[in-house]
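J.: This is what each chain is made of:
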Amino acid sequence: MPKTLTEKLAILADAAKYDASCASSGTSRRDSTKDGIGSAGGSGICHAYTPDGRCISLLKILMTNFCIFDCAYCINRVSSGVERARFSPEEVVSLTLEFYRRNYIEGLFLSSGIIRSPDDTMADMVRIARMLRQDHGFKGYIHLKTIPEASQELIGEAGLYADRLSVNIELPRDDSTRQLAPQKKPETIRAAMASVRLKRQESRERSHTGKRPARFAPAGQSTQMIVGADAANDRDILSTASRLYSGYKLKRVYYSAFSPIPDSSAALPLIKPPLIREHRLYQADWLLRFYGFDVDEITSPRPTGDLDLEIDPKLAWALANRAHFPVDVNRAGRDMLLRVPGFGTRTVKRILTARRSGALRYGDLIRIGARMNTAKPFVTLPDWSPGALTDTDDLRARFTPAPQQLSLF
Amino acid sequence: MYRVTLPDLGAFDVWRDSARTLASHGVRPEDVLWQRGESADLFDAAPPPSGPGAAQVTATKDFLSLAKSVLCHSASEAPGLLYHALYRHQDDPGALGNPADPLTRKLARLQKAVSRDVHKMHAFVRFREVPSSGNRRAFGAWFEPDHLILEKATPFFAKRFGDMDWTIATPQAVARFEDGALTFHPPAPRPDLPEDASEALWSTYFANIFNPARIHLQAMRSEMPLKYWKNLPETRLIPEMLENAEARVAAMRAALPTTAPARAERILERLQPGPVADLPASLGEAQVAAAHCRRCGLCEAATQTVWGDGDPDAGIMIVGEQPGDQEDLAGRPFVGPAGQVLKEAMAQAELGPVWLTNAVKHFKFRTTGKRRIHQAPNRGEIDHCRWWLDLERRFIKPRLTLALGATAAYALTGDASPLRARRGMVETARDGGPVLVTWHPSFTLRQSGQAAVQARAELVEDLTKLRAMQAQT
Chain Z
1 MPKTLTEKLA ILADAAKYDA SCASSGTSRR DSTKDGIGSA GGSGICHAYT PDGRCISLLK
61 ILMTNFCIFD CAYCINRVSS GVERARFSPE EVVSLTLEFY RRNYIEGLFL SSGIIRSPDD
121 TMADMVRIAR MLRQDHGFKG YIHLKTIPEA SQELIGEAGL YADRLSVNIE LPRDDSTRQL
181 APQKKPETIR AAMASVRLKR QESRERSHTG KRPARFAPAG QSTQMIVGAD AANDRDILST
241 ASRLYSGYKL KRVYYSAFSP IPDSSAALPL IKPPLIREHR LYQADWLLRF YGFDVDEITS
301 PRPTGDLDLE IDPKLAWALA NRAHFPVDVN RAGRDMLLRV PGFGTRTVKR ILTARRSGAL
361 RYGDLIRIGA RMNTAKPFVT LPDWSPGALT DTDDLRARFT PAPQQLSLF
Chain W
1 MYRVTLPDLG AFDVWRDSAR TLASHGVRPE DVLWQRGESA DLFDAAPPPS GPGAAQVTAT
61 KDFLSLAKSV LCHSASEAPG LLYHALYRHQ DDPGALGNPA DPLTRKLARL QKAVSRDVHK
121 MHAFVRFREV PSSGNRRAFG AWFEPDHLIL EKATPFFAKR FGDMDWTIAT PQAVARFEDG
181 ALTFHPPAPR PDLPEDASEA LWSTYFANIF NPARIHLQAM RSEMPLKYWK NLPETRLIPE
241 MLENAEARVA AMRAALPTTA PARAERILER LQPGPVADLP ASLGEAQVAA AHCRRCGLCE
301 AATQTVWGDG DPDAGIMIVG EQPGDQEDLA GRPFVGPAGQ VLKEAMAQAE LGPVWLTNAV
361 KHFKFRTTGK RRIHQAPNRG EIDHCRWWLD LERRFIKPRL TLALGATAAY ALTGDASPLR
421 ARRGMVETAR DGGPVLVTWH PSFTLRQSGQ AAVQARAELV EDLTKLRAMQ AQT
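As you go down the protein sequences, you meet chains Z and W in turn.
At position 81 of the first sequence (counting the first as 1) the number is 81 in full-length UniProt numbering, and the numbers step up by one without a gap.
At position 383 of the second sequence (counting the first as 1) the number is 383 in full-length UniProt numbering, and the numbers step up by one without a gap.
One or more of the hints may lead you astray.
Within a straight-line C-alpha distance of at most 20 Å, the following computed SDA-like cross-link-like pairs (lysine to any residue) qualify [what the hints assert, rightly or not]: (1) K227(W) x T188(Z); (2) K106(W) x K3(Z); (3) K230(W) x C46(Z); (4) K159(W) x G26(Z); (5) K251(Z) x A301(W); (6) K184(Z) x G331(W); (7) K349(Z) x R105(W); (8) K3(Z) x R105(W); (9) K185(Z) x K230(W); (10) K199(Z) x G336(W); (11) K106(W) x Q90(W); (12) K465(W) x A347(W); (13) K249(Z) x A320(Z); (14) K61(W) x T353(Z); (15) K249(Z) x A301(W); (16) K61(W) x G97(W); (17) K211(Z) x S28(Z); (18) K349(Z) x Q111(W); (19) K185(Z) x C296(W); (20) K34(Z) x Q90(W); (21) K227(W) x G53(Z); (22) K185(Z) x L271(W); (23) K272(Z) x S203(W); (24) K3(Z) x A200(W); (25) K249(Z) x C22(Z); (26) K199(Z) x P182(Z); (27) K370(W) x F290(Z); (28) K199(Z) x K3(Z); (29) K249(Z) x L160(Z); (30) K249(Z) x Q326(W); (31) K184(Z) x L271(W); (32) K159(W) x F290(Z); (33) K349(Z) x D62(W); (34) K34(Z) x A108(W); (35) K185(Z) x A286(W).
Some chain Z residues well away from chain W (every beta-carbon gap over 12 Å; in silico) [unchecked claim]: (36) L5; (37) A15; (38) Y18; (39) G26; (40) V78.
Think of the hints as simulated: they come from the structure by calculation, not from any bench.
Just so it is clear, CB atoms sit at the ideal spot from N, CA and C, and this is done for glycine as well.
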């Protein structure tokens, strides 16, 4: 018996939930004042939150969960007994538009298992995006997952309709990919990201006539790495992330704690998802992108190359490099202020602005929004000096949660 | 004492006109009573003077946009604080720009509360389809914001849902969008919106996109506060989703791996790569084999193997060091800045088609911040990659070879001595052919002034020499 739309939606949303990305921000500005339906271009909007704390911004579904690949970590691998379904392009288009009109979503995030061949699958996904944009004048956000092996022409067309393209690298090390996802080729995945980067670059250059080519994936590209499915340590993960950012100008690398899946593979036993580790990796990622840290600095405090799970990576770095502290808030440069635990990018910006109106005191920093409980061992102010606090042996203990007594029952 | 009454709709214009007049008369903030809507007059207060006063009143664009937001705040002190800021701004224009100033900070906090409320309205309005008389579809929604944001928040919906008619009703006022025109009306009783079939589909989606293995209630509640739940249809499912979550995860863990469906084996067999010959039999085969090379560690970081390119029958092979940033991305040799120099020099030397390649076929680099910085390959990497260079030479059979820089010279001849003494000389390759040694084009890019000019001239000179040698062979 053919499946109903509700049944298909249940299966194909369930299959899509392991993709962390749901961003809908930073694309070209457009709206439906003249024609069509939808708008985009501002900051993204999260329309709902599920009890896993993740936002729903886009209708995140698979076109189909049939797949010819056998990736051990994936619910949709060919050897899994999970129930299969497939949307028709019209069904995806209609779901997207009807959800959009009711203000449930910002747009569509379409991914797919690989059916028949990579080109066939990519062509179907591109067709859905084309129908939304051309037949229905849809101006909302579209994120397409690209199939790395698909032809350059298809990727080229996908970038014209989609705001964002992404290819998941999935595993931080090539040997893990070969072991757990034998049909995937790490070099092909990287080449696909490189080609998207080059296409974006070309689309921003004016031709000799001064004409600007059509925008290509204006919200850039992103990727995802699974954390905890292989033996890679945090240094491996962050080094890979840093190479992806610098090489392919990715907007985001998402880290996804390996999470139990129905009908798991014998090759990969299920674990409790390492959520804290995932959180620390995101913090480290921010330090790489916005705080001027490099991977070696972030992973230096511990010899294992893993991040400290109890305290955040910036605090861990500061505790291991106390010679740089305390910092004089009224004199230090932006680079050094950004390294003070408790000061975020916004706080630093406010400090720099406020300094023009006179020296800052302890109370001013609280008003500005600095987390002074964290920052106070690391800064000096006209009315505050940490004295010996900066170098006390038990400074780390002040920031870690009190050890819990084990329950006897 | 003066009194200004702000209307529920269009409050900003009234506030701005009154504030400008009051400030121009030098009225102190503590002498103005701001109130919203019509309420009993407790104090003996006069309306603001009718005409402008003697003083010139100035305000920045940023302040006006701040005022527009802050005035939406439901706190009764908001209009007064804004007037205080405007009044102070006339004598102390710096204070508004100082994030450590208490009043500035307070206004910033009110503004943040309003913009959060606006953002949540954009997120949490849920339309239901209602019967429509014309050819535009019609939708309606009920929403309860914390602040008086209807006028501020609804232009967003007008831009987004341009091709449909809609009504958003709130306890304070009603916004209506019909045939492209947005209008505001006094509050009406909560409308009774008909059932909408899409709500069931939406709930199905909500329940199935949820991952029961990573419950994080605090994150959900802080981003989707409980006060909004009553108007969000999907939240009705949350208790049930939570109740079953633990059991679902336990079942996943407990389940024994099942046998793969019958089709799996068939499909995977079809995907098995064919047998690979130990030794490629042609240039094309060698290129395919090189794409998956793992002879050294460079393949982990580099994007792809950059194989040679050009005319395989030209009889001339030009060997560089390794692909750079651009070559690594494009998968083709000499497409970056150094390649540009080489191609210009070749044109100057009137050199015809050649085969271009590199001694090492993967890009070696380190990352600093957002950039990839080239690093020279080491002896081991060059030696490993010579397997491919030798194969390439076996199929291309060049009569002449040009080595660009020390790495290429070493890979071709085995001689690692400094380049300066060897430049312009013809040496013998390991496989016996003649190798002319010259600068790497990127060397000419690293030089400055006279040295750069000279290095470039020498590169052209050597290429010209290569052409002359080609004519003789």
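J.: Work down the list of hints and note, for each, if the structure agrees.
T.: Here is how each hint holds up against the structure:
Proposed proximity of K227(W) and T188(Z) is contradicted: the alpha carbons are some 48 Å apart, above 20 Å. Pair hint K106(W) plus K3(Z) does not hold up; C-alpha atoms about 56 Å apart against a cutoff of 20 Å. About 18 Å separates the Cα atoms of K230(W) and C46(Z), which keeps this hinted pair within 20 Å; it holds. For the given pair, K159(W) sits about 17 Å from G26(Z) by alpha-carbon distance, which is consistent with the 20 Å threshold.
For the suggested pair K251(Z) and A301(W), the alpha carbons sit about 19 Å apart, so the restraint of at most 20 Å is met. Annotation: proposed proximity of K184(Z) to G331(W) holds, straight-line Cα distance about 19 Å (limit 20 Å). This hinted pair checks out: K349(Z) and R105(W) have alpha carbons roughly 14 Å apart, not beyond 20 Å. With a C-alpha separation of about 57 Å, the suggested pair K3(Z) and R105(W) falls outside the 20 Å cut-off, and the hint is violated.
For a cut-off of 20 Å, the pair hint linking K185(Z) to K230(W) is broken: about 48 Å separates their Cα positions. A threshold of 20 Å between alpha carbons decides the hint, and for K199(Z) with G336(W) the separation of about 16 Å falls inside it, so the pair holds. Restraint check for K106(W) and Q90(W): satisfied, since their Cα atoms lie roughly 19 Å apart, inside the 20 Å limit. Proximity of K465(W) to A347(W) is assessed by CA-CA distance (about 13 Å); at most 20 Å being required, the pair is judged to hold.
At roughly 31 Å between alpha-carbon atoms, K249(Z) and A320(Z) are farther apart than 20 Å, so this suggested pair is violated. At roughly 18 Å between alpha-carbon atoms, K61(W) and T353(Z) fall within 20 Å of each other, so this suggested pair holds. Distance restraint check for K249(Z) and A301(W): the Cα-Cα separation of roughly 15 Å lies within the 20 Å cut-off, and the hinted pair is therefore satisfied. With a C-alpha separation of about 12 Å, the suggested pairing of K61(W) with G97(W) holds against the 20 Å cut-off.
With a CA separation close to 18 Å, the supplied pair K211(Z) and S28(Z) stays within the 20 Å bound. Distance restraint check for K349(Z) and Q111(W): the Cα-Cα separation of roughly 18 Å lies within the 20 Å cut-off, and the hinted pair is therefore satisfied. Simply put, K185(Z) and C296(W) have alpha-carbon atoms about 17 Å apart, close enough for the 20 Å limit, and the pair holds. The suggested pairing of K34(Z) with Q90(W) is violated, with an alpha-carbon distance near 42 Å, which exceeds 20 Å.
For the proposed pair K227(W) and G53(Z), the alpha carbon gap of about 17 Å is at most 20 Å, so the pair holds. The hinted pair formed by K185(Z) and L271(W) meets the criterion: a straight-line CA distance of about 13 Å does not exceed 20 Å. Distance hint between K272(Z) and S203(W) is unfulfilled; the C-alpha atoms sit about 27 Å from each other, more than 20 Å. Distance check on the hinted pair: K3(Z) and A200(W) sit about 16 Å apart at the alpha-carbon level, within 20 Å; holds.
About 19 Å separates the Cα atoms of K249(Z) and C22(Z), which keeps this hinted pair within 20 Å; it holds. Between K199(Z) and P182(Z) the alpha-carbon distance is near 28 Å, which puts this suggested pair outside the 20 Å criterion. Note on K370(W) and F290(Z): the hinted pairing holds, with a Cα-Cα distance of about 11 Å set against a maximum of 20 Å. For the suggested pair K199(Z) and K3(Z), the alpha carbons sit about 39 Å apart, so the restraint of at most 20 Å is broken.
Between the alpha carbons of K249(Z) and L160(Z) the distance comes to roughly 18 Å, so the proposed pair stays at or under 20 Å and holds. A threshold of 20 Å between alpha carbons decides the hint, and for K249(Z) with Q326(W) the separation of about 13 Å falls inside it, so the pair holds. Taken as a hint, the K184(Z) and L271(W) pair is honoured in the structure, with Cα atoms around 11 Å apart against an allowance of 20 Å. For the suggested pair K159(W) and F290(Z), the alpha carbons sit about 33 Å apart, so the restraint of at most 20 Å is broken.
Using a Cα cut-off of 20 Å, the hinted pair K349(Z) and D62(W) holds, with the two alpha carbons roughly 17 Å apart. Of the supplied pair hints, the one linking K34(Z) and A108(W) is violated, its CA atoms being roughly 35 Å apart against a limit of 20 Å. Note on K185(Z) and A286(W): the hinted pairing holds, with a Cα-Cα distance of about 18 Å set against a maximum of 20 Å. Remark: the non-interface label on L5(Z) conflicts with the geometry, its nearest Cβ contact in chain W lying 7 Å away (cut-off 12 Å).
Under the 12 Å C-beta cut-off, the non-interface status given to A15(Z) relative to chain W is violated; the minimum distance is some 9 Å. The claim that Y18(Z) is not at the interface with chain W is violated, since a C-beta of that chain comes within 12 Å of its own (minimum 7 Å). With a minimum CB-CB distance of about 16 Å to chain W, G26(Z) clears the 12 Å threshold, and the non-interface call stands. Look at V78(Z): its CB is around 5 Å from the nearest CB on chain W, not clear of 12 Å, so calling it non-interface is violated.
In the structure shown, a violation is registered for the earlier hints numbered 1, 2, 8, 9, 13, 20, 23, 26, 28, 32, 34, 36, 37, 38 and 40, in ascending order.
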